[in-house]
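Peer 1: Here are the chains, one letter per residue:
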Amino acid sequence: MPQKNILEMKGITIQFPGVKALDGVDFSLREGEIHSLLGENGAGKSTLIKCLTGVNRMDEGQILLDGREIRPSGPSQAMELGISTVFQEVNLCPNLSVAENIFVGRQPMKHGQINWREINSRAEELMSRFHLNIDVTRPLSYYSTAIQQMTSIARAVDVKAKILILDEPTSSLDENEVQLLFNVMRELRANGMGIIFITHFLDQIYAVSDRMTILRNGHLIGTYGINELGKVELVTKMVGKDMDVIFNLKRAEVPGDADYMLKAEHIGDASHVKDISITLKKGELVGFAGLLGSGRTETAEMLFGASRTVKGEIFVDGESITLRQPFDAIKARIAFCPEDRKRDGIIGDLSIRENIMLAVQSRKGFMHPMTKQEQTELADKYIKLLGIATPDCEKKAGELSGGNQQKVILARWMAAEPKILILDEPTRGIDIGAKAEIQRLMLEMCGEGVSVIFISSELDEIIRCSNRIIIMRDREKVAEVDGSSCTQQDILKIIAEGAA
Amino acid sequence: MTNNRQSILSKLTNPKYIMVYATIGIFFVIYAFGAFMYGDKGFMTVRTFVNLFIDNAYFGISAVGMTMVLITGGIDLSVGAVASLTGMFIAYGTTVLGLHPMTCIFAALVMGVGLGLLMGWVIHYLNVPPFITTLTGMFFARGVCSLISRESIDIHHPMIDALAGWKIYLMKYSAGHWVRIRPIAFINFNVILFVVMIIAGTFILQRTRFGRNIYAIGGNEQSASLMGLPVGRTKVLVYGFNGLCSVLAGISYALYVKSGWNLSLQGGELEVITCAVIGGTLLTGGVGYMIGTLFGVLLKSVIPALITFNGNLLSWWGKIATGGLLLLFICIQRFVVTSSARKK
Amino acid sequence: MARKNFDVSSLMQSKVTWAVIAELLILLVCFIIRPDFFSISYQPSTGMLYGSLIDIVNRSAEITIISMGMTLVIALGGTDLSVGALVAVAGAIALKFLRWDVLTYNTPGDYTVCPYIFVLTVPLIVCALMGLFNGFLVAKGGIQPIIATLILMVCGRGVAQILTDGKQFTTGYSPFRIIGQGSFLYLPMPIIITILVVLGVAIFTRKTAFGAFVESVGVNPSASRLSGIKADTVILIVFMITGLLSGIAGLIYSSRIMSNDSNNAGLNFEMDAILAVVIGGTNMSGGKFSLAGTVIGSLIIRTIVTFVYYFGIVAEATMAFKALIIAVVIVLQSQPVREYFAKRAARRGGESR
Numbered sequence: 009m010p011q012k013n014i015l016e017m018k019g020i021t022i023q024f025p026g027v028k029a030l031d032g033v034d035f036s037l038r039e040g041e042i043h044s045l046l047g048e049n050g051a052g053k054s055t056l057i058k059c060l061t062g063v064n065r066m067d068e069g070q071i072l073l074d075g076r077e078i079r080p081s082g083p084s085q086a087m088e089l090g091i092s093t094v095f096q097e098v099n100l101c102p103n104l105s106v107a108e109n110i111f112v113g114r115q116p117m118k119h120g121q122i123n124w125r126e127i128n129s130r131a132e133e134l135m136s137r138f139h140l141n142i143d144v145t146r147p148l149s150y151y152s153t154a155i156q157q158m159t160s161i162a163r164a165v166d167v168k169a170k171i172l173i174l175d176e177p178t179s180s181l182d183e184n185e186v187q188l189l190f191n192v193m194r195e196l197r198a199n200g201m202g203i204i205f206i207t208h209f210l211d212q213i214y215a216v217s218d219r220m221t222i223l224r225n226g227h228l229i230g231t232y233g234i235n236e237l238g239k240v241e242l243v244t245k246m247v248g249k250d251m252d253v254i255f256n257l258k259r260a261e262v263p264g265d266a267d268y269m270l271k272a273e274h275i276g277d278a279s280h281v282k283d284i285s286i287t288l289k290k291g292e293l294v295g296f297a298g299l300l301g302s303g304r305t306e307t308a309e310m311l312f313g314a315s316r317t318v319k320g321e322i323f324v325d326g327e328s329i330t331l332r333q334p335f336d337a338i339k340a341r342i343a344f345c346p347e348d349r350k351r352d353g354i355i356g357d358l359s360i361r362e363n364i365m366l367a368v369q370s371r372k373g374f375m376h377p378m379t380k381q382e383q384t385e386l387a388d389k390y391i392k393l394l395g396i397a398t399p400d401c402e403k404k405a406g407e408l409s410g411g412n413q414q415k416v417i418l419a420r421w422m423a424a425e426p427k428i429l430i431l432d433e434p435t436r437g438i439d440i441g442a443k444a445e446i447q448r449l450m451l452e453m454c455g456e457g458v459s460v461i462f463i464s465s466e467l468d469e470i471i472r473c474s475n476r477i478i479i480m481r482d483r484e485k486v487a488e489v490d491g492s493s494c495t496q497q498d499i500l501k502i503i504a505e506g507a508a
Numbered sequence: 049m050t051n052n053r054q055s056i057l058s059k060l061t062n063p064k065y066i067m068v069y070a071t072i073g074i075f076f077v078i079y080a081f082g083a084f085m086y087g088d089k090g091f092m093t094v095r096t097f098v099n100l101f102i103d104n105a106y107f108g109i110s111a112v113g114m115t116m117v118l119i120t121g122g123i124d125l126s127v128g129a130v131a132s133l134t135g136m137f138i139a140y141g142t143t144v145l146g147l148h149p150m151t152c153i154f155a156a157l158v159m160g161v162g163l164g165l166l167m168g169w170v171i172h173y174l175n176v177p178p179f180i181t182t183l184t185g186m187f188f189a190r191g192v193c194s195l196i197s198r199e200s201i202d203i204h205h206p207m208i209d210a211l212a213g214w215k216i217y218l219m220k221y222s223a224g225h226w227v228r229i230r231p232i233a234f235i236n237f238n239v240i241l242f243v244v245m246i247i248a249g250t251f252i253l254q255r256t257r258f259g260r261n262i263y264a265i266g267g268n269e270q271s272a273s274l275m276g277l278p279v280g281r282t283k284v285l286v287y288g289f290n291g292l293c294s295v296l297a298g299i300s301y302a303l304y305v306k307s308g309w310n311l312s313l314q315g316g317e318l319e320v321i322t323c324a325v326i327g328g329t330l331l332t333g334g335v336g337y338m339i340g341t342l343f344g345v346l347l348k349s350v351i352p353a354l355i356t357f358n359g360n361l362l363s364w365w366g367k368i369a370t371g372g373l374l375l376l377f378i379c380i381q382r383f384v385v386t387s388s389a390r391k392k
Numbered sequence: 015m016a017r018k019n020f021d022v023s024s025l026m027q028s029k030v031t032w033a034v035i036a037e038l039l040i041l042l043v044c045f046i047i048r049p050d051f052f053s054i055s056y057q058p059s060t061g062m063l064y065g066s067l068i069d070i071v072n073r074s075a076e077i078t079i080i081s082m083g084m085t086l087v088i089a090l091g092g093t094d095l096s097v098g099a100l101v102a103v104a105g106a107i108a109l110k111f112l113r114w115d116v117l118t119y120n121t122p123g124d125y126t127v128c129p130y131i132f133v134l135t136v137p138l139i140v141c142a143l144m145g146l147f148n149g150f151l152v153a154k155g156g157i158q159p160i161i162a163t164l165i166l167m168v169c170g171r172g173v174a175q176i177l178t179d180g181k182q183f184t185t186g187y188s189p190f191r192i193i194g195q196g197s198f199l200y201l202p203m204p205i206i207i208t209i210l211v212v213l214g215v216a217i218f219t220r221k222t223a224f225g226a227f228v229e230s231v232g233v234n235p236s237a238s239r240l241s242g243i244k245a246d247t248v249i250l251i252v253f254m255i256t257g258l259l260s261g262i263a264g265l266i267y268s269s270r271i272m273s274n275d276s277n278n279a280g281l282n283f284e285m286d287a288i289l290a291v292v293i294g295g296t297n298m299s300g301g302k303f304s305l306a307g308t309v310i311g312s313l314i315i316r317t318i319v320t321f322v323y324y325f326g327i328v329a330e331a332t333m334a335f336k337a338l339i340i341a342v343v344i345v346l347q348s349q350p351v352r353e354y355f356a357k358r359a360a361r362r363g364g365e366s367r
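Protein chains in written order, with my numbering: chain A, 9 to 508; chain V, 49 to 392; chain P, 15 to 367.
Don't take every hint at face value.
To be verified - Okay, derived cross-link-like pairs now, DSSO-like style, lysine-lysine, Cα gap no bigger than 27 Å in a straight line:
(1) A:Lys372 - P:Lys302
(2) A:Lys403 - A:Lys350
(3) A:Lys404 - P:Lys244
(4) V:Lys64 - P:Lys154
(5) A:Lys118 - A:Lys168
(6) P:Lys302 - A:Lys389
(7) A:Lys404 - P:Lys302
(8) A:Lys389 - A:Lys258
(9) P:Lys154 - A:Lys403
(10) A:Lys58 - A:Lys18
(11) A:Lys372 - A:Lys271
(12) P:Lys221 - A:Lys404
(13) P:Lys302 - A:Lys28
(14) P:Lys302 - A:Lys380
(15) A:Lys427 - P:Lys244
Simulated from the structure, these hints should not be mistaken for laboratory data.
Keep in mind that this is a model prediction, so the values were computed, not measured.
Generate the whole structure from the sequences, applying the supplied hints.
Peer 2: Have a look at this one:
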């Protein structure tokens, strides 16, 4: 049964200085459907969304909502028209209660005062629709990211939205939380709401959406039903190249008698991880698989001295070392790309040059400065090597795209010439092309004798690159499997059921 | 779980109130200490307690506005100078120019609220840090103050005298009729203004959309604007309201000392901020309660009272004790923040 | 051509540019009204140069010195409110050592009770330790700098009062007079000290990687730590430097008045220093800092005051006048206004092509 379109965007063109961000793109959304919007970074997804919510002005084209032309002037007007957006980062106030976050700005009033009783009871009702029975009077910061995300959706839903835009809502959720979100999305769909869903996780698209629209470099590639296009074709269309060509990677080769680079014996931290033992050979790539919160990141942080190791012993190159702070790890030639790029990785206001030289400089100490020329040479070398897209090394690192920022962080650590490189979710939130490039770089470094620990939530990339895979569950190491012979199913089974 | 929310106990144990409890608790501990040490000198009388209000009403009135500014994540350094300027308007206007006090007060209100709104506008729309903007405002107000007069001017006007002298004696019922309690204790116009401002402040913060927008802005300004809240208007109005509070504090101070002086209340802004911080308001914004501020003012003013009762200590010890108190509260805040973060 | 346009536009975007323009404009106004404003004369009796310009630099010494430390604190994303109180503490300690027991030596004169070396070093050590205390609260306690330093601001003057039993001492000890009133190479001593301090801080931050570390921690403390920077150490050093510099300023101040004044010494210095830093183009949210800009900022503040004195504008108006000029500078420097001018410059460049 063909449903009616609630939203139609026709011939949308947006010109930015120097580039056409969108070139005559058509998009339509039906009543009661979940429509995925796909494309690499810079393909124009967010520009399209910003155009719909009135953040960006379009140069050509028209937007029809229920057949009437609209031109929203900003997010709040779009909201009044019935278009609500939930962003990747939770855009709520952590100090207000869950209930208040849903209603702030349009609180029900009684006798000229805010009616708190009604706010709380209506909030409870809304959250229980999402099967969340929580105390809605507690501050938002008291709850997990998933619940915060649900609160944004509750707010969006309660404004009687006809269209809900979910911009990468799943990137900080674990598997169960994602399922919870999907249930909510399905329920909203059943009530006739149109949902635009943006994500980088291909599996999730197939799990929940009805149709998908693919953009590339500001052009519309096409709109397809979910069953019309397989995963490989989808990626091919997104990237414009064949998937095999993109991921033409060769696993690192490690001779059986290679020396142990890192040995951690029965290490544990103060709160989460109790007892973990890990070995890593020279030039080997070991993957850490497991769900969010399984102890992957905590283990990595211990190996880098970012959190205190309270028991066990760590050997690097055969020598026992104590890691009190990251500086100690850097002295021992260990490098660590943290999970949260924005908070822990990039130093946005400083130039690319300064970002790259930082780890080298801190190892040397501030009394032995590098000259500006040395820094520039170093930065230029890695900009070229990693293909960082920038006019020069003096550009602020914060102005780069996500993938390029990740490369800058990688450059920072490559410049420090590590023996052990720990990468925590280095490919999260970046497009497939950049992902493949980062994986290639990782493997190249292994070839040069660097030992790599690779943490990722995406099993296929772990399996593609790792020599060995360590599987974590509930803050324990539950299994260790060979990377070349195992399948995604094997790992999933271990994660789900525990022991190998 | 529904029951869980409605139970009063759960409401009271909400972690967001911990700082307020700490303030109230420490106030009573110090008060009890005073009672224990100087009970025989009359520390435990109603009069001592009421005097805390009388002697610090002007701080309290200003702290109402300051609390709101701090909750938005801003700061206002101009309050002391604006209050001083208000006093100067009244003193110079009535004594030298022979104007009616109401005319002077009206002029002061226009000046104070206008300056507040202007500073709010500069802070929001020109994106200048609040610290710098209000510092400039402070220099300006102080300068105008000195421009009017460098001498202290006494205020003599029947209306001012009447207002300053007006008092309600606290009575008790004994042997069939009402008598004044001994030692005599009374409340005056300033105390009433202070209490009214605290109540009004509580109402604004807890019961109006404007008040809730203040919290939202302090929590995360960017989110607040993405949620469609009127961020700019709210911020400008908050600074305007704080200007109003400064003027009222200035009037209250003028009634208290019955004179205007260009150097009065120097550094007052930081004492007001200290009161708010001791009362549990976070300088990072988003957290603060009027009731906490009330006890912050009382807590800060009980220390000089204790030193007076002691009689042997130099008054400088008051400053050091306030500093120590500040340190204590900051440590408690720190502890509360880290322990609530750990829960997650 | 395109290259040049780019430069003009980025120059208009820079806050330091606007600070320099503002200073030059104020000086120009001075020159137009009183052409002898720039004249400098030599006074053989004191061996010093005299003139308004010399006076501006001389009188701005304390603020310039303190604001060198303040620049680093602000680059870390903080503010230090305690510097004014530390000025008072330094003066109190110095005078305490000079006079020690007023009952025995009851008239001020050209003597010191304790060895002169104590008079010079102990105040500096104490101030540096107090700075370290601030730094400790910030680095180890994780407390916001503005609150952490509020503690010493509130009780610092109390400490100064108690050290001197609430008394104001005066002294006539001539080696002490040299610090604030002596001269070297025809220049007043405070100028010499200021130049040394500015050079010292500049070399320490820019000829080592310390400045880069400060900026990095100021922008993103967590990422800096994970890049191997010992953020805590950086914070401790910066606050200690600021405390030490406040001590130096305190010695200059009390040498100028040959006395200690716990109530008024260094009053509002923290405000002036922060203002100097911000006018000089360092962002209050931390990150990139400019020491040269700060020096200009400090000079602007002092030039305004001198200007007011010099032209017989009623002295009482100084504060209001200062506020007005600073308001203009700050509005010109504000982000929307700078963007507006940068856009106009770029457009004009485009048209002329």
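Peer 1: Is the straight-line distance between the alpha-carbon of Lys427 (chain A) and that of Lys244 (chain P) 27 Å or less?
Peer 2: Given that 27 Å is the threshold and the Cα spacing comes to 21 Å, the pair holds.
Peer 1: Hinted pair, alpha-carbon criterion (27 Å max): Lys64 (chain V), Lys154 (chain P). Please report holds or violated.
Peer 2: The given pair, whose Cα atoms are some 24 Å apart, holds under the 27 Å limit.
Peer 1: Hinted pair, alpha-carbon criterion (27 Å max): Lys404 (chain A), Lys244 (chain P). Please report holds or violated.
Peer 2: The hint holds at about 23 Å.
Peer 1: Hinted pair, alpha-carbon criterion (27 Å max): Lys302 (chain P), Lys389 (chain A). Please report holds or violated.
Peer 2: Since the Cα atoms of Lys302 (chain P) and Lys389 (chain A) sit roughly 24 Å apart, the hinted pair holds (cutoff 27 Å).
Peer 1: Has the given pair, Lys404 (chain A) with Lys302 (chain P), been kept, meaning a C-alpha gap of at most 27 Å?
Peer 2: holds, 11 Å
Peer 1: Is Lys58 (chain A) within 27 Å of Lys18 (chain A), Cα to Cα?
Peer 2: holds, 15 Å
Peer 1: Is the straight-line distance between the alpha-carbon of Lys389 (chain A) and that of Lys258 (chain A) 27 Å or less?
Peer 2: holds, 25 Å
Peer 1: For Lys118 (chain A) and Lys168 (chain A), compute the direct alpha-carbon distance and say whether it is at most 27 Å.
Peer 2: holds, 21 Å
Peer 1: Between Lys403 (chain A) and Lys350 (chain A), is the straight-line Cα distance small enough, at 27 Å or below?
Peer 2: Satisfied, since the Cα-Cα distance of roughly 17 Å is no more than 27 Å.
Peer 1: Against the 27 Å threshold, does the CA-CA distance of Lys302 (chain P) and Lys28 (chain A) hold or violate the hint?
Peer 2: violated, 33 Å
Peer 1: With a cut-off of 27 Å on the C-alpha distance, tell me whether Lys221 (chain P) and Lys404 (chain A) pass.
Peer 2: holds, 22 Å
Peer 1: Would the pair Lys302 (chain P) and Lys380 (chain A) pass a check requiring their Cα atoms to be no farther apart than 27 Å?
Peer 2: Holds, at roughly 16 Å.
Taken one by one, the earlier hints fail for this structure at numbers 9, 13, listed in ascending order.
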